Amino acid sequence: MPILDHLWIIIALPLLGAAINGLLGKNWSKPVVNAVGIGSVSLAFFSVVEAVREFSLLSPDQIPWIRSYFTWITAGQFKVDFALQIDQLTVVMLLVVTFVGLLVHIYSTGYMAHEEGYYRFFAYLNLFVFFMLILVLAANVVLMFVGWEGVGLCSYLLVGFWFLKQSAISAGKKAFITTRVGDLGFTIGILLTFWTFHTVDFVAIFQQLVGKPAEAFAATGVLTAISLLLFIGAIGKSAQIPLYVWLPDAMEGPTPVSALIHAATMVTAGVYMVARMNPVFSRAPFAMFVVALIGALTAFFAATIGLVQTDIKKVLAYSTVSQLGYMFLGLGVGAYAAGVFHLMTHAFFKGLLFLAAGSVIHAMNGDQEMGHMGGLRTKIPITFWCMFIATLAIAGIPGFAGFFSKDEILDAAGSGPHANLWFYWLGLIGAGLTSFYMFRLIFLTFFGQPRYDEHKVHVHESPYSMTVPLICLAILSTCGGWFAAPHLVGGTDYFERFLHPVFAAYSVNPGIEQGVSLAGAAGSAGEIASSPMTELFHALTGWPVIIALLGLLVAWWFYIKSPDTPKKLAQSLSGPYTLLLHKYWIDELYHAVIVAPLLWISTNILWHVVDEGAIDGTVNGVARGLRESGGRVREIQSGNARSYATWVVVGAAGVTVLMLVLWTMVR
Amino acid sequence: MGTQSHLLSVIVFLPLLASGALLFLRSEDHVWIRRTALTISLCEFAISLRLLLSFQMGDATYQLAEYSDWIGTAIHYHIGIDGLSLFLVLLTTFLTPLSILCSWNSIHENVKGFFLAILVIETAMLGVFVSLDLFLFFLFWEMTLIPMYFMIGIWGHDRRIYAAVKFILYTMFGSILMLVAILWLYNLSKTVPNGGTFDLPLLQSYLQRGVIALPPQTELWLFLAFFLAFAIKVPLFPLHTWLPDAHTEAPTAGSVILAGVMLKLGTYGMMRFCLPLFPGAAHRAAGVIGVLAIIGIIYGALVATIQPNFKRLIAYTSVSHLGFVVLAIFSFTTISFQGAIYQMISHGVSTGALFLGLGMIYDRRHTYEIKEFGGLVNPMPVLMAFFLFIALSSLALPPLNGFIGEFLILIGVFQFHHAWAAFASSGAVLSAIYLLWSYQRVALGEVTVEKNRTLSDASARERVILVTVALAILFMGLASPLFTRRMEATTDNLVRQTQIEGAPQNAKSPARIVPPADPSAGNIVAAPPSNTSHARLVPVAEAQVNP
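Note that the protein sequences, when read in sequence, are chains A and B.
Numbering-wise, this note's numbering puts 623 at position 538 of the first sequence, and it's gapless, one number per residue.
Numbering-wise, this note's numbering puts 670 at position 515 of the second sequence, and it's gapless, one number per residue.
By construction, these hints were calculated from the structure, which means they are not laboratory data.
In this text the structure is predicted, and so the values were computed from the model without any measurement.
There are no misleading hints in this set.
Chain A stretches covered by chain B per the calculated footprint, using a threshold of three residues with CB under 8 Å from any CB of chain B:
| # | segment |
| --- | --- |
| 1 | 154-165 |
| 2 | 244-252 |
| 3 | 258-268 |
All C-beta atoms, glycine included, are put in the ideal place defined by N, C-alpha and C.
Take the sequences, apply the hints, and build the full model.
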């Protein structure tokens, strides 16, 4: 089993690409840079495919498959190996990361063709894939943290890729710092994990959990504490309330970056982490409740902001925040597989939405304002159709990928063992809002009359390097959910069944866990116990579908049928409208409550009063006192090195005398 | 004597003796003065690498020890290294050639004196790290001050006199307290038959075995006298205000040496003297010291954030980073000790590197004011790329060196005190803020000051420096076990020495006191070097704890 024994090859390839392009690419032509950049990622993708093939031949007791290569950190009991592991969850993530990563690399050759620092872009992108692969392959939580921080670095570099633009640099910095606030929780979570389990290896931790009854930990609440701390890290990385503020700003980066990092992969790292740590979370009901709560609130809250945004990428950004909320909602109500399923389908359709938006922006010569678009449907048909399919997917129109995954999450929130009707309704209304703002985007961009100056902007379809990735993702956005299709007629959800070992192996109660993960199937099948057709009818006429169609209908009314309605509505409801338009003034609030006071205190209290006033004042006061009693001191400050040296000699002599005096005393 | 290896003595005194060669060169012959100094420091580094070969892993004793009579019966020439000092010695010999190289074109006055000073400082610092006799230690300790004082006072910037005087006043104050404590200890040792010694291992064994009975109150005073001297050097909040001034006014090489090595004299001293000699007092004071260290971490970072002067900003970050080290030292766990030692080395490399990069900018623009920069990445992409890399190591980005040190410290401190570790973790957020924000204002965006548009990128000499430190940063991050495994025996030993819950009672019990076999100096000289070390003493101490 060559690749499985050499898992490091998978991560070494993109690193190599990054190193080669980063160090040597400056003077190379674009085709050479492309060959290195795309070549390394496609090789990584093919090695993943081969690894998955070999993985499928493993017997269940060989999974998780772990390979340790060298000891990275060791001190006392604390030992971190460079160890990689592969299980079903890793397989899903590996395929998503390398495949979407590959498509984005290809797309970028078109999108970034005229940019300065082309080689730099590809080096960063490869480096990102490298760290993302470390994140998903890591066999211990510290190595995972390496990937976690590494992708944060790449996000910083890529958001601020146009380093002459202050807004881009600030956005990159904001992204890094905000996620670091979350990482504070992650770090302390790791500390507590090691303190509790005396190890940081996933498998070793989970085995201890199975070995001891849940009550052993419940009494101290340590598992709840670990879970909540780790989840704070996830809140930062996956842009949830209250740390989501960096993600909309991160749209300053090039659009392929938004697609890969801020939609498909990096921002889902938090979801992956919670899913990975599921044995711990499952034993901490309160933490699970918090995960679901934050997820549901974010899903709804971010969707409301998305309603009124006019920048095409900003709409998608708030949509991403909202969709990540759904994933956490799924995890929080115990439907881990559903959360991961949505992670995957979201990677397809949101990656596609961003890439298609990039194609639109490309066509509009860089303009991102939807107010300047309109009627693009016939001018850029491939982009339109791809984006339309992605919209159907995200809105939850039956048959498309997002329908299956979102449905499962809402199902678990509504009727699973950890169901909570509040969360269910938040998610449901959020789904309606999602459908509305996405079709609003489609209608404003592609329908109606052109609102741009057709003499200045020559709208053109993008080159194949950009459209082919769109088409690939469009196919996946359509079919990506079909693993779960038999479940509609009461059959098996193949995605859940595939992931089942990961979430059942260390579960609190294997029976219950299985019940959760197959909640949709088992629950409804048990209640109705009827023909597949009734099942199907039941699924297709459920609230999620109705509400998605409602969203579509309202969008159609507002932006096609009666285009004056939004304006009137905004006037009559100016209060709520302004609130949404300014994103609830959260950025302003954070600035006023956290940033500004901190800077003020640091400058005026800590520096000027404490440092310069109190401490230095004392020191200088003492020095002055000594000086005045000593008399001829002015000469010391003459600035003349020679007289100054004399002074030192005198001082040294003084010390020597003092030493001698003390010497005789102690003798 | 003949069987002793003199490798350590060679390493310590080579820079001082070889610097004599500079005296034969004409003062105007700048080229050869520089070349000679660089050659000396490079040879020194090469020789010091031999330590890695000679050093035995898993051996907690002082290795490569040298011992001979010096002044009377009390003062000996006693040197040796262990897992604590090994890498500090290497850090010193690593940074010295770099600080010589970075001063290549930036020193124009009294060039000979300048390079002489660097080499003298090198010997003095190495001497501090290897001395096992308190008198010898104090001598080297004071010897570091004078050349550094000149370096700031003569080759510094505008307010150099103020900074140099402040530097000397602060440290002299600490030195005097330490001197009193050293003499006090000596005086106490005279109560032992044939006693009266400055020998560190011997004094330590007296104290551990209760041969010298130390009332808790006295122990605390002695501890504080040592600690204050070291805390000023570190510097621990609120004794830090000499540092920003010293750094801002010092020439680049001075800052590199100061931040890279000299601050570690303080943390080294805490681990070498405060903890093993006065474990009881260390435990009693730990609460206060830990809080001061945490204040330092957060305070240093916050004040760094808003500094308008880039060099001052980096200076304050040292207050923050060394707060981590002090916190780790007073957490008394193997992991935190290893983290502390590792972080000392790591901070030396990273912050040294930041000052090196800053010096390159200064050489071009002769200012450190952040508002004078802006968009520097345009004229000097290579230099600023390296600068970002170094900044990332400083803000503890894994898998670079800063992360290992900080993370080990946090893991170790957490075992001792949860809340301390939690508060200290905030340093990671703050370091991201001050470094990325300052990097944005200095390097990114359009060029804002017209003068900066034509600055030249890193020269070949500068690239050598930058590549060297970058490789060191990467190597330390990826191969940390090569370091920590060599510290393990020493830190385990230190943990045993500081585990003294209830031990003061034991020490008071006369029945438990084992009279020293024959503590005459002759006996010790005759014994192989390892006999003067902890290894022999540890079992005794353990027997003491478990009667």
